[in-house]
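Chains as they are written, first to last, in full-length UniProt numbering: chain A, 1 to 342; chain B, 1 to 342; chain C, 1 to 342; chain D, 1 to 342.
The set of hints was computed from the structure by calculation and includes no laboratory data.
Where hints are given, some of them may not hold.
All copies of an identical chain are treated as equivalent in the list; a pair is satisfied when it fits inside any one copy or across any two copies.
[Claimed, not checked] Listed next, the in silico SDA-like pairs over lysine to any residue satisfying Cα-Cα at most 25 Å (straight line): (1) K327 to G311; (2) K227 to A212; (3) K86 to R172; (4) K259 to V50; (5) K327 to T312; (6) K77 to R299; (7) K227 to T261; (8) K227 to M162; (9) K259 to M162; (10) K327 to Y136; (11) K77 to P331; (12) K255 to R72; (13) K327 to R63; (14) K86 to K327; (15) K259 to R72; (16) K255 to T73; (17) K259 to T207; (18) K259 to C203; (19) K327 to I314; (20) K327 to R310; (21) K259 to T73; (22) K77 to G262; (23) K77 to E264; (24) K259 to M225.
Number of protein chains: 4
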Amino acid sequence: MRVGVLTGGGDCPGLNAVIRAIVRKGVQEYGYDFTGFRDGWRGPLENSTVRLDIPAVRGILPRGGTILGSSRTNPLKVADGIGRIKRTLGELEVEALITIGGEDTLGVASRLSDEHGVPCVGVPKTIDNDLSATDYTFGFDTAVGIATEAIDRLHTTAESHMRVLVVEVMGRHAGWIALHSGLAGGANVILIPEQRFDVEQVCTWVTSRFRASYAPIVVVAEGAMPKDGDMVLKDQSLDSFGHVRLSGVGEWLAKEVEKRTGNEARTTVLGHVQRGGTPSAFDRWLATRFGLHAIDCVRDRDFGRMVALRGTDIVRVPIADATSRLKTVDPALYEEVGVFFG
Amino acid sequence: MRVGVLTGGGDCPGLNAVIRAIVRKGVQEYGYDFTGFRDGWRGPLENSTVRLDIPAVRGILPRGGTILGSSRTNPLKVADGIGRIKRTLGELEVEALITIGGEDTLGVASRLSDEHGVPCVGVPKTIDNDLSATDYTFGFDTAVGIATEAIDRLHTTAESHMRVLVVEVMGRHAGWIALHSGLAGGANVILIPEQRFDVEQVCTWVTSRFRASYAPIVVVAEGAMPKDGDMVLKDQSLDSFGHVRLSGVGEWLAKEVEKRTGNEARTTVLGHVQRGGTPSAFDRWLATRFGLHAIDCVRDRDFGRMVALRGTDIVRVPIADATSRLKTVDPALYEEVGVFFG
Amino acid sequence: MRVGVLTGGGDCPGLNAVIRAIVRKGVQEYGYDFTGFRDGWRGPLENSTVRLDIPAVRGILPRGGTILGSSRTNPLKVADGIGRIKRTLGELEVEALITIGGEDTLGVASRLSDEHGVPCVGVPKTIDNDLSATDYTFGFDTAVGIATEAIDRLHTTAESHMRVLVVEVMGRHAGWIALHSGLAGGANVILIPEQRFDVEQVCTWVTSRFRASYAPIVVVAEGAMPKDGDMVLKDQSLDSFGHVRLSGVGEWLAKEVEKRTGNEARTTVLGHVQRGGTPSAFDRWLATRFGLHAIDCVRDRDFGRMVALRGTDIVRVPIADATSRLKTVDPALYEEVGVFFG
Amino acid sequence: MRVGVLTGGGDCPGLNAVIRAIVRKGVQEYGYDFTGFRDGWRGPLENSTVRLDIPAVRGILPRGGTILGSSRTNPLKVADGIGRIKRTLGELEVEALITIGGEDTLGVASRLSDEHGVPCVGVPKTIDNDLSATDYTFGFDTAVGIATEAIDRLHTTAESHMRVLVVEVMGRHAGWIALHSGLAGGANVILIPEQRFDVEQVCTWVTSRFRASYAPIVVVAEGAMPKDGDMVLKDQSLDSFGHVRLSGVGEWLAKEVEKRTGNEARTTVLGHVQRGGTPSAFDRWLATRFGLHAIDCVRDRDFGRMVALRGTDIVRVPIADATSRLKTVDPALYEEVGVFFG
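Whenever a hint applies, use it, and build me the whole structure from the sequences.
Shown next, in the form of structure tokens:
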């Protein structure tokens, strides 16, 4: 049996760990052959492949990025995309396709599998942790760790100089990274896309923090927005990860806070640093287990399914479950954390 | 209302984060006063206390250890221990006691609460992750991260010199740290206390690894034991953390492997380095949430209960549940991971 | 004898290590008393002090920032500044003043010492490493380490997505951080303030790098400028560290490269993260030795002098030597490193 | 022109950075071809080679170990060793040999060059920093950083439990790693091979530290020895790095201190973890510059020479200078640091 593997969307620490686990178990335990498709859906569309065997996955566990390359190519938006994919799979005698990706990549896999009879298995990937049906996705823990370390570092500067430091972290639609890193880093204000924020409230928190003679750190998700629509972002074009570019909400907020409170305020935009580099131990564990279970789905011919984390177990759910709605921060959880604001 | 807090047993990254969350929420939202008891159960036994208020918990989130100190003092083994504790609580007008600790500390809290009417709330703590009733305990992720980083570093030496490297990690009764760090670090053999190992099998894996021209890394939990009882550990006295001292199974195994395979083998014993220093972001998140929910138990007068992690939720369970049996590695999980051995 | 200590200018990892060494040796070996002045020159101007003894310096070795606080207050620009400082020192019976700071702080110390008979000893501090008369200053190694780790992380994203990543690092007048972190991180282009760069040359390097099928990483010092003056920075106001604010050369360059080469380009501005947090081992070593030698200068009544690193030795030089000219990157060194460009 | 490269002795973070710099500059600027010899002197002895060109050195800058492999093979102890090496070089038309190694490897290179007309250039390598003629060697800063981080972590455990923690670090003949990491980590006692220590003095320091209600951390170099010869190390056999095996001075000392002071004492032996993994930014900088200057020596046909660091400059010295005597810790420096003991 020959199994295809592809990675789609923005890169995420742990992708290589998934690939390695799939190949190691597939070859050693089930005797499968593998075809790596290059750059997400572009691979099967254009019959662009990468050798994928045991030697190819050696040493990749601790490496960020993906040895298969990635892209945002969407075959549903390409003329005869489905047909071309089916022809490639037929020519290469690929009998099953493991797709590792986020909402877009899995959305295609779901339709391919459910509507076009292409035997797909999904592995969820989103650094923002906003995919439904799984407790966590790999890459998220790494990103939170990097953001937390940055916040740790900013504390000393904030306090030595008594200034407001705004840290803009990833999270276009969901505030998970902001919430986790802000809490772990001891931030005094955390702003997330799920709840429009009130600049005056932020200023009140900032001022009260100074009164306790500590300098405030404000963590803001890139997708967070002020309540009253008074925000005019000059450069809101998205990059190909779907993240806003520099000159975003963090910088806007720093200027507002400075203007309204009279305290000097500065912004740090962590940007792509959050998604690069070696995965955390947790992400390697999770990604590896996802890979081991994905290849078991293939063996069981359990297609149209995605692996997911529930507590400490890996379970299987319909791919469509992952893409049906975004997993956002529960207002009750946000309120729970709010005890540390100000 | 006055609430007492104590930390018992071996220290663990995240203890201070729990304490901080309890005090921040207790003071700000419920208007409670706090008494910190020094050095675990020794505190209420000897009326030894520490000031515990908002200024006392400032800046402690990222710090390892515990500002309250810890000990292994067991009041059940002290003459009139229960009586002395009750008298101290009475004198200080402490109406509820939050006990942060492992099997021993919580065992006492459970009996105090259930049999002697002392209103206790438990917070689970074990760096080995071997407490039932909770998916994870704080400190474990930090320990796994430290062990994984060490294994990452050993790879280059192993391969530059073609030698066997044995890494002994914590885990007296359960192999969680070995399993997670071994998998995350790409170890070729992982040995855990739950399954006696066969030295010949280890040698076979080591030899096959060399044949693939890679040098093997063996991760062994300090509590792992060989099958055939041929192991004679000279210095098996436990330290006050309940861990075996140096000259343990790691060193024994390296000598056996060297003797039987002819390959040079060396041991690294990570020891206390695994339990010190700043907690990981995950552990700060988990510890903080445990603290927030523990003080809510007090507010709800929901005593005899322990906070626990289930998936992404914090739940409450009877303290006795945590101490009734050890959470060990499921054989099926160990087998799942075994695909990477050899 | 009573000795005053102050820290001026932007904060820098290692300041606390200097303070600790001064106090530990001063108290233990020479029996001195200490007065900490708060917030740089503002302290002696306004008689604002901090207790400074052995307990005050406990545990500060690994902490970033400065327990004395800092400011950019310049007493030469304050009415009767010199007079007020002399009066404060007289009232407090401070017989010697150790000033830890950069060009500005040391410039004042030099004039106080040489022209006004105030017995000063200088300790050089600049995160940019641009002070003459010393091989290195503490904080620089930490900043280079943080920038290098960020570049390491960006590699995987650059290569998984084949895009240009621009990293803007500190360095207003000197390119030391860019040069060291760029070289250590394997950057393909390094741009420094000492040499105006040619955007077309940068584009040529970027393009040639893509041709070798690797994605380029461009490290640019915040003070680097293009050759042809075609750069219009909108928001060139400096912050109180003397660094340019966001929307600087990094973002400008990414847009130019994207426009001219057609390759997607993104910017990361590391900002204040580079100067915060725990100092590296090297910086703790250097800062501690500076402190030990500074208090020896006091004991020797060797005033008007600054401690400096020469090879592995700590030497004493006139304070004026440090402030006479900036230590910039030698063109020959920049050329040496240029072999890795493109 | 064809240039040979080999790495000998224990591995060291930065070896790959040297190799990369040599090849990048040699190929790009001078048009040389390269032959990599496998496993130190074994390579030219047995004509065992590795392809060494630009693609071979891609991505190796941040990797520990050496892509050429290493060994302790000494051709002076092999029958007709010199003759075999000369024949291999002749057959392969290798006209110059760059040898990267420590005292032993460079000792051979020196004799080959001076007595047998083999054109050698040396690059100094010792993780212990004990080679004369150079201020620092690469790998040392990385090792110090790892040891310092471990000591940082141990502080919290020491203080939460009031116990003595002994950390044994590398350093068979010189105490540089102990001195630097001990100082940077805030150790209370540092013991080095250069000065026999008095166990009673250590106990006095330990006890006085407890009296100040802080727990002591003792850093001991593996080669440190007690004064009175009362130490009996059971297992003093050296491993192939020339380091003592486990059950060394650290464990012996912990037992003595425990026995004599009554305080619980524990040992951590960092071992091979100190020499593995990614090099620090400083070590990558130093290693790269060594490589760039080594290939310049070849171009200048300046053989029998070794590159070395003096201040911030790379200079050339006779290889024999490096091997003539060990660079040990100056007693004055040890005394300077002693202010922090106890």
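Here is what the structure says about each hint:
With identical chains, the CA atoms of K327 and G311 are at most 25 Å apart both within one copy (16 Å) and between copies (15 Å). For the identical chains of this complex, K227 and A212 are neighbours neither inside a copy (27 Å) nor across copies (48 Å), given an alpha-carbon limit of 25 Å. Taking identical chains as interchangeable, the C-alpha atoms of K86 and R172 are never at most 25 Å apart, the minima being 33 Å within one chain and 53 Å between chains. Taking the shortest Cα distances, K259 and V50 never come within 25 Å of each other, neither inside one copy (54 Å) nor across copies (31 Å).
Proximity of K327 to T312 under the C-alpha cut-off of 25 Å is found in both arrangements, the shortest distances being 19 Å within a copy and 13 Å between copies. Proximity of K77 and R299 under a CA criterion of 25 Å is satisfied in neither setting, with 31 Å inside one chain copy and 56 Å between copies. Taking identical chains as interchangeable, the C-alpha atoms of K227 and T261 lie at most 25 Å apart only when both belong to the same chain, with a minimum of 18 Å there against 39 Å between chains. For the identical chains of this complex, K227 and M162 are neighbours neither inside a copy (27 Å) nor across copies (37 Å), given an alpha-carbon limit of 25 Å.
Taking identical chains as interchangeable, the C-alpha atoms of K259 and M162 lie at most 25 Å apart only when both belong to the same chain, with a minimum of 16 Å there against 40 Å between chains. Taking identical chains as interchangeable, the C-alpha atoms of K327 and Y136 lie at most 25 Å apart whether they share a chain (10 Å) or sit on different chains (22 Å). In this homomeric assembly, K77 and P331 never come within 25 Å of each other (Cα to Cα): the closest approach is 36 Å inside a single copy and 47 Å across copies. Within a single copy, K255 and R72 get their C-alpha atoms only as close as 34 Å, which misses the 25 Å cut-off; across copies the closest is 21 Å, which meets it.
Taking the closest pair of Cα atoms, K327 and R63 never come within 25 Å of each other, the shortest separation being 27 Å inside a single copy and 32 Å across copies. Within a single copy, K86 and K327 get their C-alpha atoms no closer than 32 Å, and across copies no closer than 47 Å, so neither meets the 25 Å cut-off. For the identical chains of this complex, K259 and R72 are inter-copy neighbours only, at 21 Å across copies versus 40 Å inside a copy, given an alpha-carbon limit of 25 Å. In this homomeric assembly, K255 and T73 come within 25 Å of each other (Cα to Cα) only across copies, at 23 Å, whereas the closest approach inside a single copy is 37 Å.
For the identical chains of this complex, K259 and T207 are intra-copy neighbours only, at 13 Å inside a copy versus 43 Å across copies, given an alpha-carbon limit of 25 Å. Taking CA atoms no more than 25 Å apart as the test, K259 paired with C203 passes inside one copy only; the shortest distance there is 10 Å, against 39 Å between copies. With identical chains, the CA atoms of K327 and I314 are at most 25 Å apart both within one copy (18 Å) and between copies (18 Å). With identical chains, the CA atoms of K327 and R310 are at most 25 Å apart both within one copy (14 Å) and between copies (18 Å).
Within a single copy, K259 and T73 get their C-alpha atoms only as close as 43 Å, which misses the 25 Å cut-off; across copies the closest is 22 Å, which meets it. Proximity of K77 and G262 under a CA criterion of 25 Å is satisfied inter-copy only: 23 Å between copies versus 50 Å inside one chain copy. Within a single copy, K77 and E264 get their C-alpha atoms only as close as 48 Å, which misses the 25 Å cut-off; across copies the closest is 21 Å, which meets it. For the identical chains of this complex, K259 and M225 are intra-copy neighbours only, at 18 Å inside a copy versus 29 Å across copies, given an alpha-carbon limit of 25 Å.
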